[in-house]
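Trainee: These protein sequence lines map, in sequence, to chains V and Z. Here the first sequence is numbered in my numbering, starting from 1 and rising by one per residue. Here the second sequence is numbered in my numbering, starting from 1 and rising by one per residue.
By construction, these hints were calculated from the structure, which means they are not laboratory data. The beta carbon of each residue, even a glycine, is placed where N, CA and C say it ideally should be. Please note that the accuracy of each hint is not assured.
[Unchecked claim] Listed next, the stretches of chain Z that the computed footprint assigns to chain V, with coverage defined by at least 3 CB atoms under 8 Å from CB atoms of chain V:
id : stretch
1  : 42–54
2  : 104–111
[To be verified] No farther apart than 25 Å at their CA atoms in a straight line, the calculated lysine-lysine pairs in the DSS-like style are these:
id : chain 1 : residue 1 : chain 2 : residue 2
3  : V       : 58        : Z       : 71
4  : Z       : 57        : V       : 5
5  : Z       : 69        : Z       : 17
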Amino acid sequence: QQQVKQSPQSLIVQKGGISIINCAYENTAFDYFPWYQQFPGKGPALLIAIRPDVSEKKEGRFTISFNKSAKQFSLHIMDSQPGDSATYFCAATDNYGQNFVFGPGTRLSVLP
Amino acid sequence: EAQVTQNPRYLITVTGKKLTVTCSQNMNHEYMSWYRQDPGLGLRQIYYSMNVEVTDKGDVPEGYKVSRKEKRNFPLILESPSPNQTSLYFCASSPWDSSAGYTFGSGTRLTVV
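Whenever a hint applies, use it, and build me the whole structure from the sequences.
Mentor: See the structure below:
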């Protein structure tokens with residue numbers, strides 16, 4: 001019940017295209033859903049996050065869509081750029097933002 | 001610069017030889033945690049600490065120890081490393097406000113032969 005599922009495992013997108021990564025969870029107590037971006041040789045960094053009281057959050061080219069009834073959330077990267085090539089992790093937590101459960105990650109490659 | 005510093009970045013050791021990976025943060029964060037990252041498994045939590053002298057097990061604590069004697073430091077100890085502990089390790093910290101998210105260190109790549 002603590003698991004967060006993430007798909008696809010890898011994604012290749014042309015420059016300017018839309019990248020979509022999906023996550024699903026089981027624990028209805030989760031109340032905070034961040035996405036992390038990790039470049040090779042670096043630690044993950046917080047990209048964008050959402051709480052279940054809203055269905056969508058947008059920051060620049062990055063948008064989280066949240067479906068509480070389906071227990072799913074997704075990351076959309078509009079106008080994808082080669083600099084977006086990285087591994088993306090979705091995560092969830094239910095304890096004042098501590099003890100995150102992470103998805104297995106999606107390796108995104110944006111072709112020039 | 002606000003950061004989480006891990007040392008060493010790379011470590012090759014032999015089975016059974018005790019080692020310590022250090023982690024230090026300069027943001028006065030209450031919460032610190034250790035994760036290991038393995039292909040296809042994502043980030044799995046090893047141990048976490050809510051504050052000084054308060055630690056608890058995560059999802060994969062077997063074979064690891066931690067301590068939190070000072071707020072800024074949270075070392076990870078492998079008393080008797082085994083090859084299945086070969087992995088990429090990350091230390092992370094955060095304040096109580098969850099909207100700030102984690103700040104991760106740059107990682108320690110450990111190989112146990």
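Trainee: Verify this for me: three or more residues of the stretch 42–54 of chain Z with a beta carbon less than 8 Å from a beta carbon of chain V.
Mentor: holds (count 6)
Trainee: Holds or violated: residue 69 of chain Z with residue 17 of chain Z, Cα cutoff 25 Å?
Mentor: 23 Å, holds
Trainee: Can the restraint linking residue 58 of chain V and residue 71 of chain Z be considered satisfied, given a maximum Cα separation of 25 Å?
Mentor: 35 Å, violated
Trainee: Going straight from one Cα to the other, do residue 57 of chain Z and residue 5 of chain V come out at no more than 25 Å?
Mentor: 22 Å, holds
Trainee: Test coverage of the stretch 104–111 of chain Z by chain V using CB-CB distances below 8 Å; three residues minimum.
Mentor: holds (count 4)
Consistency note: the structure conflicts with earlier hint 3 alone.
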